[in-house]
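Chain C is fixed; fit chains Y, B and F onto it per the hints.
There are 4 protein chains.
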Amino acid sequence: METIWKQAEALKPELIARRRDLHTHPETGWTEFRTASLIINELKALGYEMHFGAEVVAEKSMMGRPSVKELEAYMKRAITEGADPVLVEKMAGGKTGVVGILDTGRPGKTVAFRFDMDCNDVEEEKGEGHRPAAEGFCSTHAKAMHACGHDGHVTIGLAVAKLLKENMDALNGRIKLIFQPAEEGVRGALAMVDAGVVDDVDFLFGGHIGFKCTQADTLVTMTDGFLATTKMDAEFHGVSAHAGAAPEEGKNALLAAAQAAISLSTISRHSQGSSRINVGVLNAGTGRNVVPDIASMKIETRGGNTEINEFMVKEARRMLQAAADLYDVKVDISLAGGAPASIYDKELAEEIAALVKEKCGYAHVLTYVDMGGSEDCTYFMDRVQKRGGKAAYMMYGTPIAAGHHNSHFDFDEEVIWKAAATLTELAVKYSA
Amino acid sequence: METIWKQAEALKPELIARRRDLHTHPETGWTEFRTASLIINELKALGYEMHFGAEVVAEKSMMGRPSVKELEAYMKRAITEGADPVLVEKMAGGKTGVVGILDTGRPGKTVAFRFDMDCNDVEEEKGEGHRPAAEGFCSTHAKAMHACGHDGHVTIGLAVAKLLKENMDALNGRIKLIFQPAEEGVRGALAMVDAGVVDDVDFLFGGHIGFKCTQADTLVTMTDGFLATTKMDAEFHGVSAHAGAAPEEGKNALLAAAQAAISLSTISRHSQGSSRINVGVLNAGTGRNVVPDIASMKIETRGGNTEINEFMVKEARRMLQAAADLYDVKVDISLAGGAPASIYDKELAEEIAALVKEKCGYAHVLTYVDMGGSEDCTYFMDRVQKRGGKAAYMMYGTPIAAGHHNSHFDFDEEVIWKAAATLTELAVKYSA
Amino acid sequence: METIWKQAEALKPELIARRRDLHTHPETGWTEFRTASLIINELKALGYEMHFGAEVVAEKSMMGRPSVKELEAYMKRAITEGADPVLVEKMAGGKTGVVGILDTGRPGKTVAFRFDMDCNDVEEEKGEGHRPAAEGFCSTHAKAMHACGHDGHVTIGLAVAKLLKENMDALNGRIKLIFQPAEEGVRGALAMVDAGVVDDVDFLFGGHIGFKCTQADTLVTMTDGFLATTKMDAEFHGVSAHAGAAPEEGKNALLAAAQAAISLSTISRHSQGSSRINVGVLNAGTGRNVVPDIASMKIETRGGNTEINEFMVKEARRMLQAAADLYDVKVDISLAGGAPASIYDKELAEEIAALVKEKCGYAHVLTYVDMGGSEDCTYFMDRVQKRGGKAAYMMYGTPIAAGHHNSHFDFDEEVIWKAAATLTELAVKYSA
Amino acid sequence: METIWKQAEALKPELIARRRDLHTHPETGWTEFRTASLIINELKALGYEMHFGAEVVAEKSMMGRPSVKELEAYMKRAITEGADPVLVEKMAGGKTGVVGILDTGRPGKTVAFRFDMDCNDVEEEKGEGHRPAAEGFCSTHAKAMHACGHDGHVTIGLAVAKLLKENMDALNGRIKLIFQPAEEGVRGALAMVDAGVVDDVDFLFGGHIGFKCTQADTLVTMTDGFLATTKMDAEFHGVSAHAGAAPEEGKNALLAAAQAAISLSTISRHSQGSSRINVGVLNAGTGRNVVPDIASMKIETRGGNTEINEFMVKEARRMLQAAADLYDVKVDISLAGGAPASIYDKELAEEIAALVKEKCGYAHVLTYVDMGGSEDCTYFMDRVQKRGGKAAYMMYGTPIAAGHHNSHFDFDEEVIWKAAATLTELAVKYSA
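If you read the protein sequences in the order shown, they are chains C, Y, B and F. 246 is the number that UniProt numbering gives to position 246 of the first sequence; each next residue is one higher, with no gaps. 337 is the number that UniProt numbering gives to position 337 of the second sequence; each next residue is one higher, with no gaps. 271 is the number that UniProt numbering gives to position 271 of the third sequence; each next residue is one higher, with no gaps. 175 is the number that UniProt numbering gives to position 175 of the fourth sequence; each next residue is one higher, with no gaps.
If you're looking for bench data, these hints aren't it; they were derived computationally from the structure. You may find that some hints are simply not true.
One copy or two, it doesn't matter: identical chains are merged, so the pair holds either way.
To be verified - Think about it this way: if two alpha-carbon atoms lie no more than 27 angstroms apart in a straight line, the pair counts; the simulated DSSO-like pairs of lysine-lysine are:
1. K12 <-> K126
2. K298 <-> K330
3. K126 <-> K69
4. K143 <-> K69
5. K330 <-> K314
6. K298 <-> K60
7. K162 <-> K357
8. K298 <-> K69
9. K386 <-> K109
Remember, predicted model here, so these are calculated numbers, not experimental data.
Isolated chain C (complex conformation) (with noise of 0.2 angstroms):
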């Protein structure tokens, strides 16, 4: 369908100022109030019907939420950098997920598009041989950096909106294009899930710019090898006490943390697949003096299949609970983010490779690459799987200038308007 190729290399203009303007302005995660802000009004311009803030985010379900004073500060942030004041009120508490939906009213599938829109905790490289820097669209929020590409998916999913207009007549059913907050500590996902928003749906579609492919002119049609994860907090709350003259009064809680993360690492390894378990940060005490009464940690589990990780969560809670018994401290365990793991659909794989080849000008389609690490549009696709839906993840080629994450990151922006075209053909193929 050469028609949609053309039509989306010809908005390559647009789409690269919009992507360098939310690039610009980058908004971590639950507090995507400006980004979500321009998603809405700009998919209502367009005819979409538009649900959005509680209607599509479980309060319940949210992980790793920013505090209500830091949520509010953001707010008023987005509203100062031209947001809608009335639509981040509604966003409130972090609630910035926005569900578009196009129904041809026609008979049909449900198809839907994953697209996240939260940028990384990483401060801008600002010197000349950075391009965002050079051409002027650096980030101009301290230590909010687009440097995983979500400002290039957002874009994409823009430019799906309006293709999807352009094309109406070859579409059927309804199309989906949903916007996630927090993908970055795979935070977000579970929340619009428990929403329901992804209930309704046939085939559901996520995908990346770059990552393992890296070069352009290629898709990747599935990826494997998602990591199950589930992301905690733990704080141990004892009694201090003078650690020279009444040490016994005390109740240890950094013994009760130090035990902790090595208890946890003693977790057994599993026979049937791959396992991890990381304490990445610990701080606990208050003086050199002091028999120590607070301490944290944050600590990820890992799984090769989700069963696994179940297992190293459920090992973890315990081992949690008695280090505190342990020194007789008391341990409150949060969620921090999480997702399950992916299971690989071959078929669609090959069939999705097979429409691409014929109607995409990529040189290069890949069926299959292992991810090797975790993303939370696994809640979505698990969810539709589940229901018995499908569900692809795929890579859009891109070169990039380093490696996602880091501060020089930054892509080839064609990837963009490729990306587009690709999912608005499968929108027409599956809404079928």
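Leaving out everything else, chains Y, B and F in the frame of chain C:
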């Protein structure tokens, strides 16, 4: 009172014979069937009112008892070696405690003397340099030896029984002679105390041959510095699994026990005095390639006073459970022994010293020696003191051939009649 | 080649008798004096060139050898039970490996077959349901039983020796029959490999009765998934002290060992494949009130490939030393066994399958089974492959009465002649 | 000697003004530039021979010094607040110790008085109930407050300087007034002692306002029970790695530090007296999904005597290194402070009591109070005692508004002139 001192000296030959008979037939804690049988018959013959078996040993408070099977084997051996079968049967289950009462029928105080009967798990030296070997009264029991002088203590008790009868006119009130099983491992005293055998006692006297008093003609009227102690056994039960094929199916008792040993050692020091913790023995696992499902450990705590020891025990119990929880295994904790600390009664120490200087032939009388160890006579002392009575723990000076619990241990038998005479003087004085 | 299959079947009665004789006289690793003596004499009688003792077992590479005293006792027992005293003497020190060579005098390849000889530390079931008991060929040695079928393996080897002689005309080059001690605990192969016994070998074939192939009339031509493994013993030596009176004078070997067990379990997971660590046995300390001065532990590591296992061993060795340093004690680490991983030779597996389908009477021939365990035949295979040869590890299908290493283990003796025929066919084919 | 007592009382108004000026300008350890400058100029004006800077502070023995950058900032602040720029420059690097010598020219003893100058890292209470706030002499420095009375100590020292000059005729030998930096954290005494400032001293007197003596009109002539202490910082450096993708490439500094904290807590109790160990602060790691490459901890040990503390330090140092070795990371251990224990000089305590009762107006004079903490004045005392001199640490009774180191701390300024008079009496007596 020159008479008692002389009377006692006259008993020397028969006392030495008795001590050597006991030395030849040593019996470990809770298996003193022959020793007790002999005591009962001898005191009965002198006219004492006898109590023994379940009457003076509270089963629920017996600590560190051998298995039923072992006890039965020891009962048979005792009978083979001359014990009275009827008496042995009444002491079934290891209830080998004996109390003999001499009631003068006159008003007065109740004065009790406590003697311990058990031997050590030591293989006695058989070489020439060892007097019991040279003179033919070595232990005839494998891995059992009176290496702590309790054969001497029992003989002193029997001598006191005779001397009291010879001096009935000088006595008042009631005199109780208490023979306790299982002092080694501090296991036996509590069961007799809990049976109430000293609840009516006004004055309680215990003591030991040698120890920190290894000069002949010396008496220490009061020791102090007994550390309170608790002996515990812990058994961990997990689930075994093939360490290569399915390690995640195991529940690792070895790691739980190892962690418990480490954690116990981290119990806080105590600002109010000495504390101790020791895991002396740890055995775990069945084979190199099996996730271990069993582990056992022998633990002891000590404290400069009873409260500190209780702090240690409380911490240890919680930690043992928490260490088991860490690895999702079960732990059974059993009490294997214990003794409280003692309270030094300076007034009584000096009063005894004055009496002894007047009546007995000691060259040296000391009113204080620091013990620096544990002895469950403190259970008797503690009960008596708490009910308003008074108590002393003495040391009877004697040269020794080697340290207590050593396979070369032996003592100068002169100490027997001297100690017996001294205790008889105390009976006269304190029963009034 | 119907002839060999038939020839082998004709040997059945004598093979069963031989296997039952071996079953009655099981010998554990490094003590196979009777077994080896019997093999030597039997092969010598057939005209094989025999090598055994120090010639084929490199002393420096013997792992997990019993003590000199134990070995001497086993030598005596073997002689009592019919072993040739002269041969036994030549195998002193446990050098019970045997190599028999059949040189055809014709040009050709060198083909080797490897059989293991040792039994397990298992007390054999004596009840009626157990065929060896019912039919009178139970082990006559306490705590020793052929519970892994090595009696069958040796019998297969002896049958192959006969069949080769009967088919000399069909053979070329040289055939080596290798009988290895101490496979249990993966202790014996390295010493024979380091003695150079397979340095001239072009094709090496090993195999096992049953295991993951418990159907009769089935042959697995190649197994894979052997985990590389290392078995280590660690002994900690500290300084004892009275736990109450002078704990600071002790150097605590129990805490060092306990910490080592915990720390070993924290070795990082490996991203390149499976890893395992197990402390299967830990024994420490002498008495409850003594700071423990001794501790010992049995450890094993495994890896999905040899490099991962080496990573585990390197980490473990450093951690054992550091754990000793923590408590200022000494640690001695000794190698108790080990085996590398294997490389799957798909081409050979399929070639054997083709041959076997043509020549032998198996109903089922599989070219792949995952082992999921360790076997030190991999040392032979690894050496041969590294020197340019080829190697296969087969499984000979047979129903079994209970799992390997179980006291109820038994197998269908039909498997013996079938396996012998198969190996003889391989000799014919690969010696050409 | 009524005269000195009266002379001192007459100084009251100027002493209060001076103390309040110091209280308004508190300086933390090694940054007492203004305080020292003021002392130097005041004593110089009185005719004292002044020594300060590198002359009286041995650089190699300065513990827990701030960074060069911080020191420079504090030097600037001091000058801004009136310090003499020339003097401040001579104390660069934090060498803020001062010694003033009064040489009578007459034969006699050398008597030294030691005063500490630094403030605490405490934000002073600004509310009405706090007298310094109500009366306008609160700290003007953020997070810095004289919450331990060292402003009082310096004022006492300045008062003594005046009183000595007024009573030159009554004095003999030489009098040394020592002003020490960095007592908080026990960091500063060693550097002055190692510079030799008390090597010629016959009598050394230190002391403290309040503490365990909070009644006015009370003097404690000698405290005991200082615990020897050592403060150490440990920094662990490992290698970071992605916790999901390549955990085996990391060298985990967090686990090393956690293990160190646990292991340190297992250092054996000591039979010869009190011991303490505390890891008061532990910070490790950079992010949840990164194997942590950095960790730092603040440690302190204590001992009932210097030998026990040295035992603790030796054990701790070995364990820190071994814990680092466990995880193959590096550890740097730096000394952050320390003090030996003290020896109680009963004779001197009683002699001072007798003098004071005769000459001074105290209602109560005690010869003993147990300190139960640490103070680096013990470095001075220890050096003087080891060289044959005598030393005492006194407490000057005063009501206090809140505990030492509390943000509400304040004391009754009456104590200043009384303590100054008392010390002057000691100078008269002991210089003879």
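For which of the previously enumerated hints does the structure constitute a violation, in increasing order of number? none
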